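Turn these sequences into a full structure, and let the hints steer you where they fit.
Protein chains: 2
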Amino acid sequence: MSGPRIRLGVAGLGRAFMLMLPTLARDPRVAMVAAADPRPEARARFESDFGARSYAEVEALCADPALDAVYVASPHQFHLAHVRAAAAAGKHVLVEKPMALSVADGLAMVEAAQAAGVHLVVGHSHSFDAPYRRAQEMIQAGEFGAVRMITALNFTDYLYRPRRPEELDTAQGGGAIFSQAPHQVEVARLLAGRPARSIRAVATVWDRARGTEGAYNALLDFGEGLSATLTYNGHGHFDTDEFQDWIGEMGTPRDAAAYGTARAALRGVAPGEEAALKERRAYGRGAGAEEARRAPPPPAYNHFGLVIASLERADLRPTPRGVMVYADDERRFEPLPPPDVPRAEVIDELHAAILGGVPPLHDGAWGLATAEICLALLESARTGAEVALRHQGAA
Amino acid sequence: MSGPRIRLGVAGLGRAFMLMLPTLARDPRVAMVAAADPRPEARARFESDFGARSYAEVEALCADPALDAVYVASPHQFHLAHVRAAAAAGKHVLVEKPMALSVADGLAMVEAAQAAGVHLVVGHSHSFDAPYRRAQEMIQAGEFGAVRMITALNFTDYLYRPRRPEELDTAQGGGAIFSQAPHQVEVARLLAGRPARSIRAVATVWDRARGTEGAYNALLDFGEGLSATLTYNGHGHFDTDEFQDWIGEMGTPRDAAAYGTARAALRGVAPGEEAALKERRAYGRGAGAEEARRAPPPPAYNHFGLVIASLERADLRPTPRGVMVYADDERRFEPLPPPDVPRAEVIDELHAAILGGVPPLHDGAWGLATAEICLALLESARTGAEVALRHQGAA
Chain E
1 MSGPRIRLGV
11 AGLGRAFMLM
21 LPTLARDPRV
31 AMVAAADPRP
41 EARARFESDF
51 GARSYAEVEA
61 LCADPALDAV
71 YVASPHQFHL
81 AHVRAAAAAG
91 KHVLVEKPMA
101 LSVADGLAMV
111 EAAQAAGVHL
121 VVGHSHSFDA
131 PYRRAQEMIQ
141 AGEFGAVRMI
151 TALNFTDYLY
161 RPRRPEELDT
171 AQGGGAIFSQ
181 APHQVEVARL
191 LAGRPARSIR
201 AVATVWDRAR
211 GTEGAYNALL
221 DFGEGLSATL
231 TYNGHGHFDT
241 DEFQDWIGEM
251 GTPRDAAAYG
261 TARAALRGVA
271 PGEEAALKER
281 RAYGRGAGAE
291 EARRAPPPPA
301 YNHFGLVIAS
311 LERADLRPTP
321 RGVMVYADDE
331 RRFEPLPPPD
341 VPRAEVIDEL
351 HAAILGGVPP
361 LHDGAWGLAT
371 AEICLALLES
381 ARTGAEVALR
391 HQGAA
Chain C
1 MSGPRIRLGV
11 AGLGRAFMLM
21 LPTLARDPRV
31 AMVAAADPRP
41 EARARFESDF
51 GARSYAEVEA
61 LCADPALDAV
71 YVASPHQFHL
81 AHVRAAAAAG
91 KHVLVEKPMA
101 LSVADGLAMV
111 EAAQAAGVHL
121 VVGHSHSFDA
131 PYRRAQEMIQ
141 AGEFGAVRMI
151 TALNFTDYLY
161 RPRRPEELDT
171 AQGGGAIFSQ
181 APHQVEVARL
191 LAGRPARSIR
201 AVATVWDRAR
211 GTEGAYNALL
221 DFGEGLSATL
231 TYNGHGHFDT
241 DEFQDWIGEM
251 GTPRDAAAYG
261 TARAALRGVA
271 PGEEAALKER
281 RAYGRGAGAE
291 EARRAPPPPA
301 YNHFGLVIAS
311 LERADLRPTP
321 RGVMVYADDE
331 RRFEPLPPPD
341 VPRAEVIDEL
351 HAAILGGVPP
361 LHDGAWGLAT
371 AEICLALLES
381 ARTGAEVALR
391 HQGAA
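Chains as they are written, first to last, in the UniProt record's numbering: chain E, 1 to 395; chain C, 1 to 395.
It is worth saying that the hints were derived from the structure and are not from the lab.
Note that the structure is predicted; figures quoted are calculated from it, not measured.
Some hints here could point you the wrong way.
Stated by the list, open to error - Facing chain E, according to a computed beta carbon distance under 10 Å, are these residues of chain C, among others:
1) Leu101
2) Val103
3) Pro195
4) Ser198
5) Asp207
6) Thr229
7) His237
8) Glu242
9) Leu311
10) Met324
Claimed, not checked - Chain E residues, not near chain C, derived (Cβ > 12 Å throughout):
11) Arg29
12) Ala56
13) Asp105
14) Gln140
15) Ala141
16) Pro165
17) Gly225
18) Ile247
19) Ala264
20) Glu330
21) Asp363
Just so you know, even glycine gets a beta-carbon here, dropped at the ideal spot from N, CA and C.
Encoded structure:
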């Protein structure tokens with residue numbers, strides 16, 4: 001592969017970056033030019049991993065003239081400041097989900113990007129994953145009539161993975177509604193293909209020791225009889241990967257015989273040591289880009305649990321390897337070629353926007369719509385009332 | 001088995017009776033004494049199947065002094081008149097679901113039974129099925145903490161089975177919301193263990209040729225953070241029996257390779273001939289009690305799709321053969337002994353009530369609460385607003 005590359009800077013070498021590392025280390029369309037992080041060991045590793053520069057401050061990173069774009073992967077509360085800094089410096093922006101913890105912050109990001117004339121892409125979320133995009137194409141092709149109902153169900157061990165304290169504090173953007181709901185909301189929005197009107201949801205803290213919502217039930221109404229049920233349970237019991245041939249969220253096989261491993265591992269951690277445990281797995285301590293480059297490509301795509309789009313003349317069920325089509329007269333599997341690079345779909349969109357001028361699907365307005373729904377989900381759970389949505393774009 | 005038997009009369013030898021025939025023909029605790037039906041061929045078959053009497057009119061059946069109880073299995077619109085007739089004659093009543101098509105009718109049935117001092121049992125519904133009852137016992141035992149969320153998902157070919165015209169007319173009690181939602185609502189209520197407060201739902205007619213709702217999405221709120229999502233799609237594409245080892249709703253194995261059979265069979269039917277097709281399979285035309293007695297016991301219990309009760313320290317997943325327990329530290333299957341007689345749970349409850357004086361779980365108030373929720377589901381789908389519930393019993 002030759003051709004122009006995106007010269008990328010990374011703001012924040014934390015967990016989000018680690019999850020994108022297999023993509024960034026392997027996709028030939030990206031040149032890793034610089035990064036910013038407060039941790040010296042992370043900066044040193046980045047320099048050696050990529051032969052690149054590093055900065056202690058995001059502002060300095062954004063001033064680097066060699067960058068086309070900045071990947072804002074800092075903790076949620078810094079997203080607005082970092083998006084503004086990058087846009088003000090004329091850099092295109094890829095900002096992690098959740099884009100913002102308030103509609104006002106999301107709007108401010110959209111405005112900052114517009115004022116600077118740069119692209120703002122929000123992700124990775126699982127609505128980038130190729131099988132969902134393939135299902136969307138099949139819906140848009142119209143062969144099976146209108147989409148009528150979306151069913152999304154995901155049971156994971158999310159709540160018992162090692163966390164920093166703020167990740168367990170909803171007020172600081174922690175918990176399943178900020179971290180996990182954006183995926184499910186975006187997959188539903190992608191398949192619905194039109195603006196959501198309102199949401200009614202139920203969610204509470206089940207486990208006081210974790211202090212945040214790890215589960216929710218939500219009914220998202222798109223009007224004219226189209227709705228989505230979004231069910232998420234991150235308490236580590238039943239696991240919907242059982243319905244995905246034990247392919248995990250990242251597209252790699254899981255051991256079907258293993259059970260309860262997240263909770264068991266956490267139980268062995270002394271009080272107050274959980275954040276330190278997470279820190280020990282941070283970038284710069286453990287595996288880096290070299291391991292990511294050496295790893296074989298994942299056998300399947302990322303996914304976010306059981307998803308079924310019900311159309312007038314078919315149900316479409318995206319799986320980690322393609323799309324199951326349950327039509328009127330036949331049931332067939334439409335396979336996708338296995339991914340060369342995990343989450344390459346994010347680079348597809350970023351590359352097309354920055355170097356091809358193609359407006360991204362996952363732009364600021366898209367991310368704002370998702371953020372509004374997640375905030376409304378939380379509000380509905382707290383008030384017990386339905387919440388109307390106002391930032392979903394044109395119908 | 002010896003001991004006293006329920007001397008039963010059947011009001012209506014239609015489809016509901018056919019589905020209960022394997023139970024009624026085989027359970028030794030039931031003596032089939034009489035039946036009423038307008039069709040002479042059904043009455044003749046009943047007489048020969050059971051060595052029993054028959055009547056053309058339900059009123060005459062109810063006057064039969066040899067009966068302890070009447071099974072009201074007539075079309076929905078006759079339920080109230082037939083329950084009243086049976087109660088007025090001092091007979092206990094088993095009335096099919098949906099109990100009533102209005103709250104007023106349901107209340108009138110409850111009052112009629114109370115005034116007469118007879119038991120009113122509503123069913124069969126799948127909330128009788130032993131695996132759901134076993135899960136309920138496990139919840140009540142308290143080992144896994146409070147129940148927090150219920151997930152119910154059922155995809156079937158309901159809408160494309162042969163129907164009489166009124167079964168495709170919602171105003172006459174047709175469609176998935178009257179016929180199928182009672183099962184899912186009752187399973188959710190059983191596992192929730194407390195009164196529902198409100199429901200928000202979305203449902204429309206997807207297939208104009210069938211003219212009634214064949215699918216719905218609903219969020220049932222039980223308060224204090226406990227909710228149930230109820231998702232049903234009867235349009236004959238994806239089938240949740242895939243998640244039940246291809247054991248069908250009646251507890252018998254299905255051919256996993258067969259696909260789209262209901263729609264294909266219906267396509268071969270000439271316009272106007274559908275009701276006649278259904279009629280050809282009616283009681284008195286095809287198989288009867290002798291075939292039901294000769295059939296081997298079903299290998300598994302009845303079920304109504306994927307159901308997961310999420311508790312603080314476990315997910316419980318009833319299956320056709322038992323309950324999968326996904327606890328904090330272990331995943332185990334709690335098998336139930338295979339059924340001797342299908343749906344024997346209905347006779348358990350009826351027998352205990354009539355001959356043992358044990359108040360039934362599925363009494364008139366129970367059935368009324370379910371009917372109210374189904375009517376509210378329809379109302380919410382039509383208005384787009386949440387509907388508060390008022391007939392759910394004491395909290």
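Status of the hints after comparison with the structure:
1. Among the interface hints, the one on Leu101 (chain C) is violated; its C-beta lies about 22 Å from the nearest C-beta in chain E, farther than the 10 Å criterion.
2. Interface hint at Val103 (chain C): violated, since its Cβ lies 23 Å from the closest Cβ of chain E, which is beyond the 10 Å cut-off.
3. At a threshold of 10 Å, the smallest CB-CB gap from Pro195 (chain C) to chain E is about 15 Å, leaving the interface hint violated.
4. Using the Cβ-Cβ criterion of 10 Å, the hint placing Ser198 (chain C) at the interface with chain E is satisfied: the shortest such distance is roughly 8 Å.
5. With a least beta-carbon distance of about 7 Å to chain E, the hint placing Asp207 (chain C) at the interface is held under the 10 Å criterion.
6. Because the smallest distance between the Cβ of Thr229 (chain C) and any Cβ of chain E comes to about 5 Å, under 10 Å, the interface hint for this residue holds.
7. Interface hint status for His237 (chain C): upheld, as the beta-carbon distance to the closest one in chain E is roughly 4 Å, under 10 Å.
8. The beta carbon of Glu242 (chain C) is positioned within 10 Å of a beta carbon in chain E (closest approach about 9 Å), and the interface hint is therefore held.
9. Using the Cβ-Cβ criterion of 10 Å, the hint placing Leu311 (chain C) at the interface with chain E is satisfied: the shortest such distance is roughly 8 Å.
10. Contact between Met324 (chain C) and chain E, as hinted, is supported at the beta carbon level, the nearest pair being about 8 Å apart and thus within 10 Å.
11. Residue-level check passed: Arg29 (chain E) sits 37 Å from the nearest beta carbon of chain C, beyond 12 Å.
12. Chain C leaves Ala56 (chain E) outside its interface by the beta-carbon criterion, the shortest separation being 42 Å against a cut-off of 12 Å.
13. Every beta carbon of chain C lies more than 12 Å from that of Asp105 (chain E), the smallest distance being close to 28 Å; the non-interface claim holds.
14. Residue placement check: Gln140 (chain E) keeps its beta carbon more than 12 Å from all beta carbons of chain C (closest about 19 Å).
15. Interface exclusion of Ala141 (chain E) from chain C stands, the closest Cβ pair being 17 Å apart, more than 12 Å.
16. Remark: the non-interface label on Pro165 (chain E) is consistent with the geometry, its nearest Cβ contact in chain C lying 22 Å away (cut-off 12 Å).
17. Once the 12 Å rule is applied to beta carbons, Gly225 (chain E) is inconsistent with being away from chain C; the minimum gap is 3 Å.
18. The claim that Ile247 (chain E) is not at the interface with chain C holds, since no C-beta of that chain comes within 12 Å of its own (minimum 16 Å).
19. The beta carbon of Ala264 (chain E) is not kept farther than 12 Å from every beta carbon of chain C, the shortest such distance being approximately 7 Å.
20. With 12 Å as the threshold on Cβ separation, the claim that Glu330 (chain E) sits away from chain C is violated: the shortest Cβ distance comes to roughly 7 Å.
21. The Cβ of Asp363 (chain E) lies farther than 12 Å from every Cβ of chain C, with a closest approach of about 28 Å, so its non-interface assignment holds.
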